[in-house]
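First to last, the sequence lines map onto chains A and B.
First residue of the first sequence? That's 13 in the working numbering, and the numbers climb one at a time after it.
First residue of the second sequence? That's 13 in the working numbering, and the numbers climb one at a time after it.
Among the hints, erroneous ones may be present.
Where chains are identical, the list cannot tell them apart; a pair therefore holds if satisfied intra-copy or between any two copies.
[As the list claims (entries may be wrong)] Pairs of lysine to any residue, SDA-like flavour, derived with a Cα cap of 20 Å: (1) Lys165 / Arg33; (2) Lys165 / Leu212; (3) Lys165 / Gly143; (4) Lys165 / Asp222.
Since the hints were made in silico from the structure, they are not lab data.
There are 2 protein chains.
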Amino acid sequence: MPNPTAAMLVIGDEILSGRTRDANMHHLAAELTKAAIDLLEVRVVSDDPDAITWAVKALSQTYTHVFTSGGIGPTHDDITADNVARAFERPIDVRADARALLEAHYARTGLEINEARLRMARVPEDATLIGNPISAAPGFTLENVHVMAGVPKIFEAMLADLLPRLTGGDPILSQSIQVLRGEGDIAGPLAEIAARFDALSIGSYPFQMDGRFGANIVVRGQDGSQIDAAMAELNRIFPQ
Amino acid sequence: MPNPTAAMLVIGDEILSGRTRDANMHHLAAELTKAAIDLLEVRVVSDDPDAITWAVKALSQTYTHVFTSGGIGPTHDDITADNVARAFERPIDVRADARALLEAHYARTGLEINEARLRMARVPEDATLIGNPISAAPGFTLENVHVMAGVPKIFEAMLADLLPRLTGGDPILSQSIQVLRGEGDIAGPLAEIAARFDALSIGSYPFQMDGRFGANIVVRGQDGSQIDAAMAELNRIFPQ
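Could you put together the complete structure from these sequences and hints?
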């Protein structure tokens, strides 16, 4: 059975303007690989209602899961929750269960719960909450869309809460070798091996280091003995 | 006049699998901001012909410019050039001008020019070449799509060759302040300032540092005196 598929949607003007470097994409990609869910697309869009709504609609119709990052805080530019609700035409308001989590958290920390903070308890009808052990304000799952925070520590904590509830496929195994030759030298034999082992995905990822060119050759698949056989062949052709 | 808009398309299984961290997005975002071209969307797709063709079509019809990164080397999984040609229904083959660049480069470096390396001279009809001072194999511009390498040093060199030929709009100015208070405290007054200065874009980007919450408040726009006025107001409300 093919693995479940996934897309990520990053909401963030600050990434598109070059102010901030996205960190959550790399973390999500690694965690989904471990969970045997195939991440097939990432989109980064700006803090714009139509851009968010349209991307949520398109991605949720195409993939098994959509994971969003960013735009669920208390400020005026945090519009992700409202536009995910809009994409599914669901009502959204401050919800009692989310509000209770915030009230308990602020009672412990001595901060006042004001109108701005209550925005973080806005959750669409029928959504399931995603836990936030760091700052209490929850994420949520609506249909197949999982809405999480942009601050990396909180994103990671929410993902850790969410992932065990999702069902993955068969794990993808991978092995790799590094070849210190230009890709132009290795491309011919590599294409032959890729054609021979057509149940595997064999990728070549070039790099440049100390003025020399090299490539990491990565073999991926679900059949460990096939991967072993392809690696033996690669090691024979490109001795270290 | 509004600024030209842009999207980036990253082609890379290695990023979606979590093996590699994308570096080109951050570089492109910063360079486009300097050039007054508004980057409004980034997509990362896998090394899949249909995914690449479909994304090139969708993005090139929506934005002034599309910048691609990755998948133009000599190996079997380098399929970007062919699928950009396919998106525009243009023929593609080894082109004399691109081949001449490669031949000169390999004559200098003493490497043989083989079938795999010649793949890098495949350029669609009517495309304009983008220079590659590092490893010679050129990128190209077809219609409004600029096809560049994935290796960061080569991507950056190609972008430096390309950008001076593109026309930007009015530069976006920005100023920011850091507030060491939770966003829940600052959201109320911030929303009022954002409403008052509606020609500016005012974003709040939360962070967590040494167990404390804070936010960078960034004010962006094209009118420097408006930005000064908004910053004065922010400094009055959130004294450092």
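*Against which earlier hints does the structure fall short, listed by number upward?*
2
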